[in-house]
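Peer 1: Sequence:
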Amino acid sequence: MNQEEYSKYYLYPGSLFVDKNPHYITTLLGSCVAVCLYDTRQQYGGMNHYLLPMWNGKGLASPKYGNIAIQQLVDRMYRMGSRKQDLIAKVFGGAAVLESQNNVFFIGDRNIRIADVILEQEMQIKIAAASTGGNQGRKIVFDTLTGEVRQKYLGNSKT
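Using our numbering, the first residue of the sequence shown is number 17, and each one after it goes up by one.
Misleading hints may appear alongside valid ones.
Listed below are the simulated DSS-like cross-link pairs for lysine-lysine, each with C-alpha atoms no more than 30 Å apart in a straight line [to be verified]:
id: 1; residue 1: K168; residue 2: K80
id: 2; residue 1: K155; residue 2: K36
id: 3; residue 1: K80; residue 2: K142
id: 4; residue 1: K24; residue 2: K168
id: 5; residue 1: K24; residue 2: K80
id: 6; residue 1: K24; residue 2: K74
id: 7; residue 1: K155; residue 2: K168
id: 8; residue 1: K36; residue 2: K142
id: 9; residue 1: K100; residue 2: K155
id: 10; residue 1: K100; residue 2: K80
id: 11; residue 1: K74; residue 2: K168
id: 12; residue 1: K155; residue 2: K142
id: 13; residue 1: K155; residue 2: K24
id: 14; residue 1: K142; residue 2: K24
id: 15; residue 1: K100; residue 2: K24
id: 16; residue 1: K80; residue 2: K36
id: 17; residue 1: K168; residue 2: K142
id: 18; residue 1: K36; residue 2: K100
id: 19; residue 1: K36; residue 2: K24
id: 20; residue 1: K168; residue 2: K36
Label-pair distances were calculated between CB atoms; the ranges are [unchecked claim]:
id: 21; residue 1: R57; residue 2: R166; range: 19 to 27 Å
id: 22; residue 1: R57; residue 2: L170; range: 32 to 40 Å
id: 23; residue 1: R95; residue 2: M70; range: 34 to 42 Å
id: 24; residue 1: G75; residue 2: E136; range: 33 to 41 Å
id: 25; residue 1: Y94; residue 2: P29; range: 18 to 26 Å
id: 26; residue 1: K74; residue 2: R129; range: 28 to 36 Å
id: 27; residue 1: Y40; residue 2: D102; range: 16 to 24 Å
id: 28; residue 1: A77; residue 2: G150; range: 28 to 36 Å
id: 29; residue 1: P29; residue 2: M139; range: 17 to 25 Å
id: 30; residue 1: D91; residue 2: A144; range: 33 to 41 Å
id: 31; residue 1: Y22; residue 2: R126; range: 27 to 35 Å
Derived by calculation from the structure, the hints in this document are not laboratory data.
Predicted model, so just to flag it, every value in this text is computed and none were measured.
For every residue, glycine included, the Cβ atom is placed at its ideal position computed from N, Cα and C.
Could you build the full structure based on these sequences and the hints that come with them?
Peer 2: Rendered as structure tokens:
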């Protein structure tokens, strides 16, 4: 398939996107995490981009929370005919770009951990690749036809 036949989609924080047509899904990540899910049998995928690890039960249960975003992404893939055994995940982001003054509170670490717990332990979906942590943001581009994810680090690392 030619690159001209792909659609491009920019994924904003707190959202997700799934489509069976080929797309390049792009997003920018700092402490946020993106989970890319790919169906190896049907050859399509989807991605979420969440800001915080857990919804506290108050307000709207939106995909800005990892536990909601991951569940919604998997549910959409299932509704489109995916089976658990055909899904692989790739996880990106969670950099230490937002930290408290005493360096104790790393939201990125908590965002990474929720993806690991929900995908592998609770849902038994294999994380096939990950680029998480560190102290630099990332730009990622997910090719939903092949499952390939390209990554570029952003800016300078903190010293």
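Peer 1: Hint by hint, which ones does this structure get wrong, listed from lowest number up?
Peer 2: 6, 11, 23, 24, 26 and 30
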